[in-house]
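Go by the hints and put chain B onto chain A.
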Amino acid sequence: MAQRASIPMALALIITTLGFATLIFVQEAKSPPLIYGAYYAGTMVLLYLGVRVWLPHADTLLLAIVTLLTGIGLVMIYRLTYEVPGVENLATTQAIWILVGSGALMFVVLFFRNYQKLFAYKYLLALAAVVLVAMTFTPLGYEVNGARLWLKLGPVNLQPSEFARIALVVFFASYLADTRDLWAATSRSFMGVQLPALKYFGPVALVWAASLGLLVFEKDLGSSLLFFAVPLLMLYAATGRMAYVILGTLLFAVGSYATYLIFPHVQTRVSAWLDPWSDPDDTGFQITQSIFNIADGGITGAGLGEGFSQTIPEVQTDFIFSTIASELGLLGATALILAFLIFVYRGMKIALLAQDDGSKLLAFGLTAMFALQTLIIVGGVTKAIPLTGITLPFVSYGGSSVVGNFILTGLLLVVSENAGKQQPAEEDKEAGYAAEKVTA
Amino acid sequence: MNAHLRRTFYFFAACFVSLVGILAYWQVYVQESLANDPSNSLQSRRVQAVPRGLILAGDGETELARSEEQDNGTYERVYPEGSPYAGITGYWSTRYGASGIEIGENNNLSGNGEPETLDELINQVSGGPQAGNDIELTLDPELQRAAYDGLAASSTGRGAAVALNPKNGEILALVSYPSYDPNNIDENFSDLIEDPDQPLYNRATQGLYPPGSTFKVITAAAALKEGVEPSDKFKDDGTYETPGYTVYNYKAKSYGEVTFQEAISKSINTIFARVAYEYVGNQTLSQTAYDFGFGDTYEDFPLPVTPSSLGDIPPEQWAQGNIAQISFGQGPVTSTVFEMAQVAGALANDGKLMDPRLVREVRSPDGVILDQPTSSVRQNALDEETANTLSDMMENAIEDEESTARIPGVKVAGKTGTAENPTGDPHSWFISFAPADDPEIAVAVMVENGNEGYKQALPIARRMMETYLKSQGELPIESTTGGGSTTPQPAQPQNGSTVPATQPAPQPQNANPSQPFRAPSQSPVRNPNQPPSQPPNQAPGQPQNPGQAPGQPPVQRPGG
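Protein sequences, first through last, are from chains A and B.
Just so you know, we're using this note's numbering here: the first sequence kicks off at 1 and counts up by one.
Just so you know, we're using this note's numbering here: the second sequence kicks off at 441 and counts up by one.
Just chain A, same shape as in the assembly (with noise of 0.2 Å):
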């Protein structure tokens, strides 16, 4: 584990704050209130100050990524709306976010120190997140764009498959730890593919097909993609049978196929996915604005508020990477894809490191989702694969979303703390050196 980030934690900053000055200086946008900025950089700052000190195995270079990415997502936030009438302080309310999200990593850090604890509350847990999901559907919840992603506590609006996901992938981790073994151990075959008892093959499939369910009927197409794709993943990383991640992918075809022909909004994503040009100033306005901005940036980009990327509808939440494209070029969408991958590469040495078979799981489940969400939405606005609404992790605007993911960086801190303190002293210090070169 990398103990130290202090040299990417100041880069992180440094990025964020030429960002700044550029869009102030040379666009002369109105600067926001700089207080904003000096929180901003203060909470990352203490942020990682307090992990040092409370987790001192912890990698810390999870939190210089967490910094950049939030880092270039508040600049391109603040890009996007300093001058658009009606949201003009988004990035003041993402630095808040921020704030709030810091928060509740300190909390993870502080509270959850020992977060085997939390395995023994997996049905708890389970429960709590199909509960949050379903809130959507009482009168808490409202519809936006046609999906009823949304619940409206007091003065506060939010999105609660963000935090249910998490609730459930350490579900699936510690249920899957406890009975891995058991997995194996099965008579009965379907199509060649030997099934466990139901006993224990049930309340997996049970958790997974209410909290699909609710999200399909929510509308939410993105988050049900991951809410499929991840307890898949774990299945196979527990048990290892390609089996069983061929039959889900089947089972997820049928299942396609079945929404598309049910609902009429999912068809409109595919044929908007497989030919936007036919349509380009009503279905397909959004994909075709998107793919033109990221062609406009070329190699190099258009440069920072150089682009035109506003005139794609949504542009700050799900294609702020389209506007990152456009005006950082290949080159800036290249160097943003490549410190995601760190963060990925992080959690999964996170996972490789850790001791136990729950604390594998769940970093592994943790990164594994934030893999896919980074992938399903830069493949979405790219149109590699039909476009699902869904954030860039840390940097799309989105209160619930960002504390969200604080809390998932969180709990791979915690894991990492716990699988730094328990590896042998020479092994860590050949890992550290190994991530060191890595990141170099």
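Since the hints were derived computationally from the structure, they do not count as laboratory data.
We put the CB at the ideal spot given by N, CA and C, even for glycine.
Please note that a few of the clues may not be correct.
Claimed, not checked - Cβ pair distances, simulated, as ranges:
hint: 1; chain 1: B; residue 1: Y469; chain 2: A; residue 2: L274; range: 15 to 23 Å
hint: 2; chain 1: A; residue 1: K30; chain 2: B; residue 2: E503; range: 26 to 34 Å
hint: 3; chain 1: A; residue 1: W277; chain 2: B; residue 2: D511; range: 28 to 36 Å
hint: 4; chain 1: A; residue 1: I96; chain 2: B; residue 2: V457; range: 30 to 38 Å
hint: 5; chain 1: A; residue 1: H265; chain 2: B; residue 2: E508; range: 42 to 50 Å
Relative to the frame of chain A, chain B by itself:
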């Protein structure tokens, strides 16, 4: 379990790398075709996001084009002076491309050129907005207006006028009529392109017309070079016979024994045909025409200029009938009004043809002078002595014949032309300069199908010279000009403007001038900042044949 974790990580890593590949596909491989996609408005938005430079007239005050900021932050091109300057400014459209100075000086106006000041360099490096540079032209607004009004009031309402300062080559006026309003070009473009009068087409610089008798000054220059004197006597019996082709004088007149001076004053075709064939010869005549700028594309001039031409037959193969026709500007000879103004200018400037210039100064938005082209001799068309002799002959042609071109108090030198053509009545031509002893302005005017030169073109040219000389203090403002009305007036026919009337030429294919025009572009440029799909020196919707009314069959009228 670790093996499974690693495998999953490799899978994720492969996916991330593919994303980079997909990005590279969009941002590099298909980047250009996407930029030109019809539903992609990003390029035109980029063009509209920065103000283009001003285009100013020669007084430094009259704004011919400026960019006005709209509510949505983009800039719209506005042409406060409208139609009279459209032939020069051109139009600027994000849908239909651009023309005129707008495209000819686009590198300066758009601010996309090389950075010239530290400020521009900083802006370019930082990717900041770069306002375009301002361009001051050489045009005299009063003169431009006079030329425009004159052409508007002409009998057919189709024609062109070019005026220049012979001493330094500055273009003082350049008008093509009918013109168009470059404002709101996007809404009007399709109508303009359908208009039978072809207003988008610059008759002054791109229209090729038979120059008729105005070409006689070139033949006369060649004759003087070959030793012919103004006082040399020639006998005219009304015709000049060549094998298979007979030259007649206008209205079959016969003049008897006349001097060469009288031959140019009375514009006697038969004597010019004889002199050209017997004294000048193919080589000297063609070389003299090239020395005056025939065949020149004027590449460095910001507006596209169609080269004037002596026809497709190489001079060494001209038969006697060819050179006879060419000597008085008919047959295969075609020229632009712009070129004939250069001819007048060279004669006015002791035989030295100056580089024609339309741009006086290029300034950065904060006023730093970036470019200030200086005048230079383009080529020596004629030696000084011969030029002055010819200039005297042209002055005498106006003074002796009591021409309506005379301006009291100023000596004018000039030559009319009445050019037979396949489209109807002859084109009315006049080229001149004044004051003849120390010329400050040279003018060429042509009115399509305006009949005799003195009827339509001459009054416009005279009014232009008067206007300019008054503004230069050469003439009293309340000058009483003999019959100096602004509209073309019917005056008694004069000998000085004869019309050639000839038999069919031996090479009838020459009667219809070869068409140096390129086919009109079918695909308007969407983005003027990108390399246009059409060459910039080509106006869209350019007609195939100048002065030819659509629907009218190209009648093979005798050239001559």
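Hints, one by one, checked against the model:
no.	hint	in the structure
1	B:Y469 with A:L274: 15 to 23 Å	20 Å, holds
2	A:K30 with B:E503: 26 to 34 Å	32 Å, holds
3	A:W277 with B:D511: 28 to 36 Å	31 Å, holds
4	A:I96 with B:V457: 30 to 38 Å	36 Å, holds
5	A:H265 with B:E508: 42 to 50 Å	43 Å, holds
In the structure shown, no violation is registered for any of the earlier numbered hints.
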